[in-house]
Amino acid sequence: MAAWYRVLSLVGGRRAILALGGLYVALAVWWTVVSAGEAVSIGEFIVFALIAGPGLVVLYTGYRLPHFDIRDEFQPTVAGWSLGGLVLMLGLLGFYSLQPGESVDGLESVLILTALASVAGLAAGIHNGQSRTRAHELEVTVDELATANERLERHRRYTDDVLDAIDDVFYVLDESGNLRRWNESLREVTGYAPDEIASMHATDFFGEDDQDEIQAAVRTAFETGSVEVQLDFRTSDGERIPFEFAATTLEDPWGETVIAGIGRDVTERVDRERRLEELVDKLEESNERLEQFAYAASHDLQEPLRMVSSYLRLIDRRYADEFDEDGEEFIEFAVDGADRMRAMIEGLLEYSRVETRGDPFDPVDLDEVLADVRADLQVRIAESGAEITAAKLPRVRGDRGQLRQLFQNLLDNAIEYSGEEPPRIDVSVERDGAEYVFSVRDEGIGIPGTDSERVFEVFQRLHAPDDHSGTGIGLALCERIVERHGVQPNAARPGSRDDRSESIGVDAKEASVGSTDEQSESVGGDIWVDSEPGAGSTFRFTLPRNGG
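For the sequence shown, the residue numbers in the working numbering are 215 to 762.
To be clear, the hints were calculated from the coordinates, so they are not data collected in a lab. The beta-carbon is built from N, C-alpha and C at its ideal position, and this holds for glycine as well. One or more hints might be untrue.
[Unchecked claim] What follows is a set of in silico ranges between Cβ atoms, one per label pair, in the way DEER data are often shown: (1) Glu492 x Arg609: 37 to 47 angstroms; (2) Met521 x Asp581: 37 to 47 angstroms; (3) Glu542 x Met521: 15 to 25 angstroms; (4) Thr449 x Asn501: 36 to 46 angstroms; (5) Phe282 x Thr417: 56 to 66 angstroms; (6) Arg488 x Ala360: 51 to 61 angstroms; (7) Ala240 x Gly469: 56 to 66 angstroms; (8) Glu542 x Arg520: 14 to 24 angstroms; (9) Arg454 x Leu490: 13 to 23 angstroms; (10) Ser390 x Ala360: 49 to 59 angstroms; (11) Asp576 x Asn501: 22 to 32 angstroms; (12) Phe436 x Glu487: 23 to 33 angstroms; (13) Glu492 x Pro574: 43 to 53 angstroms.
Based on the provided sequences and hints, a complete structural model is requested.
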């Protein structure tokens, strides 16, 4: 049988079937020609049809064999079944002829019966070939599934090892909130045994007061694709640990939508936030005490200073003739010291109340503010011969009184430190994205680069009191005012001072180009100075462009 199959494999199963079908068609024609001669009777035609018909069936089946869903290696099997039917029929006919008085009537009977047998064998062979093809495909599928399962199992073991190595909690939930997968960290954090975790619902890991929130979080994850929530994990011994959970939806290997997420212990962060809140409370209390102290300094401490100053002046008037030159100088120093101390106390009070005693923010026309400041400084402007030029200033939201104080301090400084020449001061503004950048430029004595930050510190003076008046708190007060106005709704902190100074030259029209949303993000709250000794100073500060 194996040798027969090898022969058919060499010849080709389809070729063998075609040859067999062609053989019977040829035999039918030959028999008809030999037996009928010139005239074909109906009986002879029927015999021709019974021989040629099966041959044509075999021939057509061989031609259509590739369409019968039979693998090529099983086509010799189909041919073997067809030839086997023919051989079996010949054997039966031979066995039948061995009976005494029995024989097969004529060659046409043999041809008809063997032709029909070959068709029957062909049908059985096709069925067998299709069955073997399906069996082979099933075996291949089983092998592929086994290989896939093996790879999946290896992948699962690998991912389990990877996930178990992660300190954070990993979990997979189905739409009902049941745990589908988790890593070792979940067991370590909660203290539950693996068989307990396998039967638990997501809500079982949280307290009763968090049940609704965790169920809502699961629904939100499936509806929106992701969710973040912070809740307290409840361990097996009742301990509550603050955790932050983030999850997103995905499809598992079986096509089911699940949510996979990470839970992270945020105990340290919660403790820091709690300590920060406590610190903020303490700072608020400290600020209140500082304000109370500043108030006391303003009222209680200034009264003795006024008394000292008054009595010193009284002594100077009544006993001036009795003092020598040194005595008069001492009295003058004492009066001047008392006056400067009172001014410093008043400045400190004003500095401490920028945040707590400022007015609510309203639209403010800075042109009007600058006009008021120039009116207040009218005497100093006239005495010094100052020339002040200003561009048209915008409207902003802010504390009118503090903005007036800001401009007054900057202009007063520009006049004070103008040097020997009459002060030349220019006030301008540029738009830089979502903020205004204001500039107050003078041509005065300038500031060394090493002191460009120090001038904004409280009581930091670069010159002796005899050279220039002041308490050393004016620029620090300006900084507090600018910072207060920078912290507004939708405020975004700008870049560094160096970044700002590089962008000042941007054309105002180009700087203003942007979407409405960009302009609505108010930024500001910075002040700095660009200066060189002998080359003047330019003080710049920013205010948000947010609905002024």
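Hints and how they fare:
{"no.": "1", "hint": "Glu492 x Arg609: 37 to 47 angstroms", "verdict": "holds (41 angstroms)"}
{"no.": "2", "hint": "Met521 x Asp581: 37 to 47 angstroms", "verdict": "holds (44 angstroms)"}
{"no.": "3", "hint": "Glu542 x Met521: 15 to 25 angstroms", "verdict": "holds (21 angstroms)"}
{"no.": "4", "hint": "Thr449 x Asn501: 36 to 46 angstroms", "verdict": "holds (41 angstroms)"}
{"no.": "5", "hint": "Phe282 x Thr417: 56 to 66 angstroms", "verdict": "holds (59 angstroms)"}
{"no.": "6", "hint": "Arg488 x Ala360: 51 to 61 angstroms", "verdict": "holds (56 angstroms)"}
{"no.": "7", "hint": "Ala240 x Gly469: 56 to 66 angstroms", "verdict": "holds (58 angstroms)"}
{"no.": "8", "hint": "Glu542 x Arg520: 14 to 24 angstroms", "verdict": "holds (21 angstroms)"}
{"no.": "9", "hint": "Arg454 x Leu490: 13 to 23 angstroms", "verdict": "holds (21 angstroms)"}
{"no.": "10", "hint": "Ser390 x Ala360: 49 to 59 angstroms", "verdict": "violated (31 angstroms)"}
{"no.": "11", "hint": "Asp576 x Asn501: 22 to 32 angstroms", "verdict": "holds (24 angstroms)"}
{"no.": "12", "hint": "Phe436 x Glu487: 23 to 33 angstroms", "verdict": "holds (30 angstroms)"}
{"no.": "13", "hint": "Glu492 x Pro574: 43 to 53 angstroms", "verdict": "violated (29 angstroms)"}
Figure legend: structure checked against the earlier numbered hints; hints not met, in rising order: 10, 13.
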